[in-house]
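Enquirer: Make a model of the complete structure from these sequences and hints.
2 protein chains.
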Amino acid sequence: MKMEKVEIGHGSGGKLTRELIEEVFLKYFNFPELHTLQDATYLPGISRIAVTTDSYVVRPLFFPGGDIGKLSISGTVNDLTVSGALPRYITAGFIVEEGLPIETLERIVSSMAETAKTAGVKIVAGDTKVVEKGKCDGIYINTAGVGEVVRELSPKLIKPGDSVIVTGFVGDHGVAISLAREEFDVETPVESDCAPLNSLLTPLFKLPGLRFMRDPTRGGLATVLVELSDSSGFGVRVYEDRVPVREEVRFICDMLGYDPLYLANEGKAVIVVSPEDTDEALEILHSNPLGKDASVIGEVVSDPGVTLVTSIGGVRRLELLEEDPLPRIC
Amino acid sequence: MKMEKVEIGHGSGGKLTRELIEEVFLKYFNFPELHTLQDATYLPGISRIAVTTDSYVVRPLFFPGGDIGKLSISGTVNDLTVSGALPRYITAGFIVEEGLPIETLERIVSSMAETAKTAGVKIVAGDTKVVEKGKCDGIYINTAGVGEVVRELSPKLIKPGDSVIVTGFVGDHGVAISLAREEFDVETPVESDCAPLNSLLTPLFKLPGLRFMRDPTRGGLATVLVELSDSSGFGVRVYEDRVPVREEVRFICDMLGYDPLYLANEGKAVIVVSPEDTDEALEILHSNPLGKDASVIGEVVSDPGVTLVTSIGGVRRLELLEEDPLPRIC
Numbered sequence: 001m002k003m004e005k006v007e008i009g010h011g012s013g014g015k016l017t018r019e020l021i022e023e024v025f026l027k028y029f030n031f032p033e034l035h036t037l038q039d040a041t042y043l044p045g046i047s048r049i050a051v052t053t054d055s056y057v058v059r060p061l062f063f064p065g066g067d068i069g070k071l072s073i074s075g076t077v078n079d080l081t082v083s084g085a086l087p088r089y090i091t092a093g094f095i096v097e098e099g100l101p102i103e104t105l106e107r108i109v110s111s112m113a114e115t116a117k118t119a120g121v122k123i124v125a126g127d128t129k130v131v132e133k134g135k136c137d138g139i140y141i142n143t144a145g146v147g148e149v150v151r152e153l154s155p156k157l158i159k160p161g162d163s164v165i166v167t168g169f170v171g172d173h174g175v176a177i178s179l180a181r182e183e184f185d186v187e188t189p190v191e192s193d194c195a196p197l198n199s200l201l202t203p204l205f206k207l208p209g210l211r212f213m214r215d216p217t218r219g220g221l222a223t224v225l226v227e228l229s230d231s232s233g234f235g236v237r238v239y240e241d242r243v244p245v246r247e248e249v250r251f252i253c254d255m256l257g258y259d260p261l262y263l264a265n266e267g268k269a270v271i272v273v274s275p276e277d278t279d280e281a282l283e284i285l286h287s288n289p290l291g292k293d294a295s296v297i298g299e300v301v302s303d304p305g306v307t308l309v310t311s312i313g314g315v316r317r318l319e320l321l322e323e324d325p326l327p328r329i330c
Numbered sequence: 331m332k333m334e335k336v337e338i339g340h341g342s343g344g345k346l347t348r349e350l351i352e353e354v355f356l357k358y359f360n361f362p363e364l365h366t367l368q369d370a371t372y373l374p375g376i377s378r379i380a381v382t383t384d385s386y387v388v389r390p391l392f393f394p395g396g397d398i399g400k401l402s403i404s405g406t407v408n409d410l411t412v413s414g415a416l417p418r419y420i421t422a423g424f425i426v427e428e429g430l431p432i433e434t435l436e437r438i439v440s441s442m443a444e445t446a447k448t449a450g451v452k453i454v455a456g457d458t459k460v461v462e463k464g465k466c467d468g469i470y471i472n473t474a475g476v477g478e479v480v481r482e483l484s485p486k487l488i489k490p491g492d493s494v495i496v497t498g499f500v501g502d503h504g505v506a507i508s509l510a511r512e513e514f515d516v517e518t519p520v521e522s523d524c525a526p527l528n529s530l531l532t533p534l535f536k537l538p539g540l541r542f543m544r545d546p547t548r549g550g551l552a553t554v555l556v557e558l559s560d561s562s563g564f565g566v567r568v569y570e571d572r573v574p575v576r577e578e579v580r581f582i583c584d585m586l587g588y589d590p591l592y593l594a595n596e597g598k599a600v601i602v603v604s605p606e607d608t609d610e611a612l613e614i615l616h617s618n619p620l621g622k623d624a625s626v627i628g629e630v631v632s633d634p635g636v637t638l639v640t641s642i643g644g645v646r647r648l649e650l651l652e653e654d655p656l657p658r659i660c
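Line by line, the protein sequences give chains L and D.
The numbering used here puts the first residue of the first sequence at 1, with every later residue one more than the last.
The numbering used here puts the first residue of the second sequence at 331, with every later residue one more than the last.
Heads up, some of the hints might be wrong.
[What the hints assert, rightly or not] Below, computed lysine to aspartate or glutamate pairings styled on EDC-like, alpha-carbon distance capped at 20 Å:
id, chain 1, residue 1, chain 2, residue 2
1, L, Lys15, D, Glu444
2, D, Lys357, L, Glu103
3, L, Lys15, D, Glu428
I should point out that these hints are in silico values taken from the structure, not numbers from a laboratory.
Please read all numbers here as calculations on a predicted model, not as lab measurements.
Expert: Spelled out as structure tokens, the structure:
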């Protein structure tokens, strides 16, 4: 079916997003990152530099565990880090709605500054535009990041037998946002995992067997694995009962009809590492509070596609998301 | 008066914008570019690299002489160029309104690609978010740019006696947007000057007497000169009848109550150059169609402040814009 209009699902990070990218953007642009499936682009002419960009339109602006400011810094820091770069500099573009209380803007900006400090990155350039009431949802933020490349990671490096690690519980961000939007009787027991991951992940750069990393944001863990399979030519086998999901998240997903494997995370990474370096990778991850629940959830296999071995021993194939379960998640 | 809410004028590029930057952003961030009055930031740790960012929220999306796509590439190319850098790489973040015709998106994206090609820059990373109907005006675009620094230019380098050059007619973009918004009986005779200026300006990098360049976008020529005075400690004297303004622009400004000195330009630069290098600068500029109307409009003087010598010989002091004459100009 020919696309005629932009739909909410085009922002899902799933199948529709890929279609939009392939049918519109790739026709005119040639983003290297689209071909290499990295979250940041290595600049060929400027040695050791990677760049990335992301816009943030999350609703609500403040949620348990974070806010749009913390998210906008964490997301860009994480995109650089999973690309094997040390995040260094960030630019920030603000689109602000007329009437936004200055106090709200200030909370967001101070949260960005604090997160940047935690991550050790400098916010070096900015821009502010104001639009009329109703023409945005309080504030949209774009961040772009510049990092110094230490390791060039790529889906092309993975091999059958490699371990697939996730650094902790999945689905927290998605559920936290969902609960923050709705009036539920639950006393919001889930916080977003929103956090800059460079302190957790950069120590892995020294492992010779480190192949690929990615942060499973929009589209969740499943989407990262499907894209990894699509661009490597190999497959992934994942064991459902090894994927860390909080009891509360599982409960709320059952209630709302979400699949935690497709929910966004903002403080997690998927890591592919050689069998030889798996133990050391886990040791490094477990030594940091952000990675204390890191687990090997599966392995790379030679047949393409992503297979989920369910807890009752069944087998399910994971595909790209068809619809966006939760728009405006980041 | 204490600011309580964000107002349209906070996006004007004038006095309110400066207040917002000083009272909110500078409290938490330390953008070097805010202190040095450059449009891009030199990255101290990474040699020879400059970065910049801008968001584009122009209304309407298409206007005589350009569109939001062309604008978003030209603006970032120009910010890097006037900072003495060769523009190299651009990232693009799209916030798209649900329901935007794909054909419209495609026109914009292809215009970006074409402008990038003209300017010799590569669009290397991108991101797309979709918001619900009514939550943006079709599309907002953020671009961030990375350039290689050739000349470090700064207001601190200017000296009394230096020439102040503008590269062509001022006010075209502002008037073109204004006409595109309203139903006038005039047959839109003014096109936006929107264009990437690197082919025009980078040949000036070789002049030892080149001190400072800036593109007079939001806030116009007057704002650039006031900020130049504020951050250099010297003043500028400008001669009204030397500032190139098209007859049609002057006519429409009179009709609508605009001052062309405060209207946005998207394809012009203000240049400060030593007296010794002024002739060569003009020669270089005149040899490019984008600079054929370049003129010396005034000079740097020792007393701070910006003085306009009017065509009838009077003297008027130029200040920062108080209100935004034309919101959403870029």
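Enquirer: So, for every hint listed, does it hold in this structure?
Expert: Here is what the structure says about each hint:
With a CA separation close to 28 Å, the supplied pair Lys15 (chain L) and Glu444 (chain D) exceeds the 20 Å bound. In summary, the hint linking Lys357 (chain D) to Glu103 (chain L) is supported, as the alpha carbons are separated by about 13 Å, within the 20 Å threshold. Distance hint between Lys15 (chain L) and Glu428 (chain D) is fulfilled; the C-alpha atoms sit about 16 Å from each other, no more than 20 Å.
Hint compliance for this structure: hint 1 alone is broken.
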